[in-house]
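Novice: Just so we're aligned, residue 44 is where the sequence shown starts under my numbering, counting upward by one.
It is worth saying that the hints were derived from the structure and are not from the lab.
Careful: at least some of the hints might be erroneous.
[To be verified] Derived pair list, reagent style EDC-like, types lysine to aspartate or glutamate, alpha-carbon separation capped at 16 Å:
1) 135 <-> 583
2) 911 <-> 983
3) 135 <-> 120
4) 135 <-> 82
5) 568 <-> 583
6) 289 <-> 544
7) 91 <-> 124
8) 273 <-> 333
9) 273 <-> 301
10) 50 <-> 702
11) 568 <-> 311
12) 91 <-> 120
13) 568 <-> 279
14) 911 <-> 942
15) 135 <-> 155
16) 568 <-> 277
[As the list claims (entries may be wrong)] Ranges of calculated distance between the beta carbons of each label pair, as one might list FRET restraints:
17) 534 <-> 73: 41 to 47 Å
18) 630 <-> 281: 50 to 56 Å
19) 614 <-> 850: 39 to 45 Å
20) 981 <-> 723: 30 to 36 Å
21) 384 <-> 186: 16 to 22 Å
22) 744 <-> 251: 52 to 58 Å
23) 287 <-> 481: 38 to 44 Å
24) 275 <-> 69: 31 to 37 Å
25) 756 <-> 883: 39 to 45 Å
26) 85 <-> 544: 50 to 56 Å
27) 251 <-> 793: 20 to 26 Å
28) 913 <-> 794: 14 to 20 Å
29) 52 <-> 385: 58 to 64 Å
30) 263 <-> 340: 48 to 54 Å
Predicted, not measured: the structure shown is a model, and the values here were computed from it.
The C-beta atom is built at its ideal place from N, Cα and C for all residues, glycine as well.
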Amino acid sequence: MPLLEPKPDALRPGAHRGPSPDRVPDLVAHGSPGRLRDELIALLGPGKVLWQVSDLVRYASDASPYRFVPRVVVLAEDTDDVSAILSYAHDKGREVVFRAAGTSLNGQAQGEDILVDVRRHWAGIEVLDGGARARIRPGTTVARANATLARHGRVLGPDPASAVACTIGGVVANNASGMTAGTARNSYRTVASLTVVLPSGTVVDTGDPAAGEALARTEPRLCAELLAIKAEIEADPVLTARIRAKYELKNTNGYRLDAFLDGATPVEILRGLMVGSEGTFGFISEVVFDTLPLDREVAAALLFFPSLPAAAAAVPRFTEAGAVAVELMDGNTLRASVRVDGVPADWARLPGPATALLVEFRAPDTAALEAYERAAAHVLDEVELVAPVGSVTNTFTRDAGVIGGYWKARKAFVAAAGGSRPPGTTLITEDFAVPPSRLAEACEALLALQAEHGFDAAVAGHAAHGNLHFLLAFDPADPADVDRYAAFMDDFCKLTVEEFDGSLKAEHATGRNIAPFLELEWGPKATELMWRTKRAFDPEGVLAPGVVLDRDPRAHLRGLKTVPRVEPITDACIECGFCEPTCPSGDLTTTPRQRIVLRREMMRQSPGSPVEDGLLAAYGYAAVDTCAGDSTCGLACPVGIDTGALMKRLRHARHSAREERMAALAARRFAAVESSARLAVATGRRLGDRLPASVTGLLRKTVRPDLVPGWLPEIPGAAAAELPATERADAAAVYYPACVNRIFGEPLGYDGPSLPEAVVALSARAGKPVWIPDDVAGTCCATIWHSKGYEEGARVMAERVVEAAWGWTAGGRLPLVVDASSCALGLGREVVPYLSAHHRELHAELTVLDSVVWAADELLPHLTVRRKVVSAVVHPTCAMRHLGDEDRLPALAAACAEEVLVPDDAGCCAFAGDRGMLHPELTESATAREAAEVTARAFDAYLSANRMCELGMHHATGRPYHSVLLELDRATRD
């Protein structure tokens, strides 16, 4: 063991509330049962089987209110793996559940036996027929697929609010629809074909002309039963009419019985049934979608009404005017949305009954949009609107930023309202539909029912389609509260079915919490046909038992998860999973959601229990060490939960007093540290790669891998010890070369000026000279310290650099230009918590500019581009996302290259200062998909704007990345 290996106890949560009744039992402390683990490892290989207790716990939770701990987790890489798993389950009498994004809201991605991860190895999209169709793998997010399709002017029909996180497999398996899909654009209507692995292991591609013959040969019993059920339905005109009527509304409760009416052959019936089957008929390994035109002309308004029924009554008028989306948000939703970045603060003061409609029109051209706007104006003249707070305008706009803000608030409904729930409660998300003409009536009945049972739920939904969502919070550890919820559900389901003939699940799929009420909605005959269909596909009940069909009337009350309080910074988390696609460690160790889930399980345990000890032993590396600390999870989270900040606090908690003192000493003597680092880089480069790699490798084993950076072959030579000479007189800005650019030189093989020389030359060429202070050496943005949790060192450096910057800029009269995006973020924002009150006053007077902003906004308009390369690929940094200047990097690249590509899979490189040298496996995992895009072809330039990110991308791709400012200097030189 390394000498300075930290003790796990430092990561133990605070005072336990446990033991909780739903805690993981001690017998799971050693992970999966030995025989099950060993047999699957022998079948699939050790890298595909996750069996430790921390693996089982982190996969036990998803966005639903349920929690079921699997016996083992398997990472299937291809259909052969899936077939092997299903064959094994048949032979051993086991159960299998497939899980992709884990954003399902009703527990359909959870199981108690073999859980198969079909996200990690299942991403990819192939555009067909110029974009008219797309072949998409099930682990691809909707947002990722649409990003590719947008280049072709196309888009998918389904548009769920969770598009940034939910995957195609889950969207099709649940027949999720969203804001605009309704019943015409959902998966059932837009899936052209799909490939499925049946429970028997048979693989069927419904788009293959020979699929019918092959299916009849391999699955004769299934084919015969599907045709028999079809004949029985068609022989019953009352049932046929009932099925057709049920799907005039949005409806995902139960199986798609209309597939028997729409399909003429077993393959066609199978294609329809797989949509909305929730993983109970087979695994969908690939989907071909018919795409839709992407109408780029948009106008939208957020319109406020005095009450929920008043807003609901206005919905038909906007749909008749041609609105593609009419979204409803009640007062509770609007007030909770204040937690979302960008939402007006005065929404917190909205009166109780106030309700808003988000109305959007889309058109292929301006003339069509103007016609829609005129129709909308007539509707506005006829409805009663209110403006209870100052930010309310009740007007239509074409401003993309404003419209984006409206949608951000709407899409954050579940997480924002859920984040405002009482501490310690869990969240139920209900989803139902009624005839749109009865929406106002249904709203009144829902409000009355909530009041009767003591709930004050938040309500939102796709009002144009009569589809509403509402949230209920209760304490599953309190039997009386569970009974209250159960009574409400009984009454709610009866109300929806008996009073409105509605759908108990409009788009979230049946799941565990509506399965007991399936027969209430569909009646005994249709329900029995669903059971027959399940038996036809899966006679041994291997796949996802209890997810769609369950005869236990209280099944929806089993497995409800408690939500113990752990840290205030994360207690609002509802485990929605929106953070996961942006997390660089997601395919290596854990995601932000999983980091929180693991700590919650620690709190459910008795102090010192075997399970808690097992979780703590894994948490250091899996959660703390391999967190890049980029905090993009906070940007993705609808309520801004920054799990990266928590990991930094936990790093601090693991430090000894001696480590903190040494870090603070390094901050005080950073000039010596900086020169020593520059010397070490120069020496290492002169020695070649083998010796530095061997020495650092030995030190990492002896001391601690998380303290000693390893040597990478991509590490460049040292920067020049002297910075370019500049004059303070007439300077338009103060230029602060970041310490990484004072230590590391340009990429190996690069022939040209250094970055400081290029920035100075560019600024002078544009008539805006910059000045480099003589005493920048020994200063830093303090990110080195606070990213590692060294709080005293961060305070020392933060106050020193802010005081110096205030003097350099003459009290803030000149902007401070920083040539590394992460350092601009550090100086501009991240130092603030470490400053004294006096230094915060100084900092408030500073204007800190990322160098890409300086170059794009201040220099480029005054420069003449004299030469361009043919192509360039850019890597936007996560710091740019935080700063909101992501657009400047491709804009600068476009001045230097005829073609500029921002990879669709661009994300955080996880190099994170030196973390990529401490844990190179983190960067390699984080960049794998982006690197595949980059290396698929050659580019003339590989550009970014942060030296360590450039180094990380060089390591990931083998391509030498450099600053876009170096390329701009080359392009504009005389």
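Novice: Next step is simple, just say for each hint if it's right about the structure.
Specialist: How the hints compare with the structure:
1. Between residue 135 and residue 583, the direct Cα distance comes to roughly 11 Å. Compliance with the 16 Å bound is thereby established for this hinted pair.
2. About 10 Å separates the Cα atoms of residue 911 and residue 983, which keeps this hinted pair within 16 Å; it holds.
3. About 22 Å separates the Cα atoms of residue 135 and residue 120, which puts this hinted pair outside 16 Å; it is violated.
4. Proximity of residue 135 to residue 82 is assessed by CA-CA distance (about 11 Å); at most 16 Å being required, the pair is judged to hold.
5. Note on residue 568 and residue 583: the hinted pairing is violated, with a Cα-Cα distance of about 22 Å set against a maximum of 16 Å.
6. For the proposed pair residue 289 and residue 544, the alpha carbon gap of about 9 Å is at most 16 Å, so the pair holds.
7. Simply put, residue 91 and residue 124 have alpha-carbon atoms about 9 Å apart, close enough for the 16 Å limit, and the pair holds.
8. With a CA separation close to 26 Å, the supplied pair residue 273 and residue 333 exceeds the 16 Å bound.
9. Annotation: proposed proximity of residue 273 to residue 301 holds, straight-line Cα distance about 9 Å (limit 16 Å).
10. A C-alpha spacing of about 14 Å is found between residue 50 and residue 702, which places the hinted pair at or below 16 Å, so the restraint holds.
11. Of the pairs offered as hints, the one joining residue 568 and residue 311 is violated, with about 23 Å between alpha carbons and a cut-off of 16 Å exceeded.
12. Restraint check for residue 91 and residue 120: satisfied, since their Cα atoms lie roughly 8 Å apart, inside the 16 Å limit.
13. Of the pairs offered as hints, the one joining residue 568 and residue 279 holds, with about 11 Å between alpha carbons and a cut-off of 16 Å not exceeded.
14. A distance of roughly 10 Å separates the Cα atoms of residue 911 and residue 942; the hinted pair therefore holds under the 16 Å criterion.
15. At roughly 15 Å between alpha-carbon atoms, residue 135 and residue 155 fall within 16 Å of each other, so this suggested pair holds.
16. Restraint check: the Cα-Cα separation between residue 568 and residue 277 comes to about 13 Å, which is no more than 16 Å; the hinted pair holds.
17. A beta carbon spacing of about 45 Å between residue 534 and residue 73 agrees with the range 41 to 47 Å that was offered as a hint.
18. Range check, residue 630 to residue 281: Cβ separation about 51 Å, and the 50 to 56 Å hint holds.
19. Taking the beta carbon of each, residue 614 and residue 850 are about 42 Å apart, inside 39 to 45 Å as hinted.
20. For the hinted restraint 30 to 36 Å between residue 981 and residue 723, the CB-CB distance of approximately 34 Å keeps it satisfied.
21. The hinted range of 16 to 22 Å is satisfied by residue 384 and residue 186, whose Cβ atoms lie roughly 18 Å apart.
22. Taking 52 to 58 Å as the suggested C-beta distance range, the pair residue 744 and residue 251 conforms, at roughly 53 Å.
23. Hint check: residue 287 to residue 481, Cβ distance near 19 Å, so the stated range 38 to 44 Å is violated.
24. Between residue 275 and residue 69 the beta carbons are some 51 Å apart, a value that contradicts the proposed interval 31 to 37 Å.
25. Between residue 756 and residue 883 the C-beta distance comes to about 43 Å, which sits within the given range of 39 to 45 Å.
26. In this structure the hint that residue 85 and residue 544 lie 50 to 56 Å apart at CB holds, the actual value being about 53 Å.
27. Distance hint check for residue 251 and residue 793: the Cβ-Cβ separation is about 51 Å, which falls outside the suggested range of 20 to 26 Å.
28. Against the hinted window of 14 to 20 Å, the Cβ-Cβ separation of residue 913 and residue 794 comes to about 19 Å, which satisfies the hint.
29. A hinted range of 58 to 64 Å is violated for the C-beta pair residue 52 and residue 385, which are about 40 Å apart.
30. Look at residue 263 against residue 340: about 53 Å separates their beta carbons, and that is inside 48 to 54 Å.
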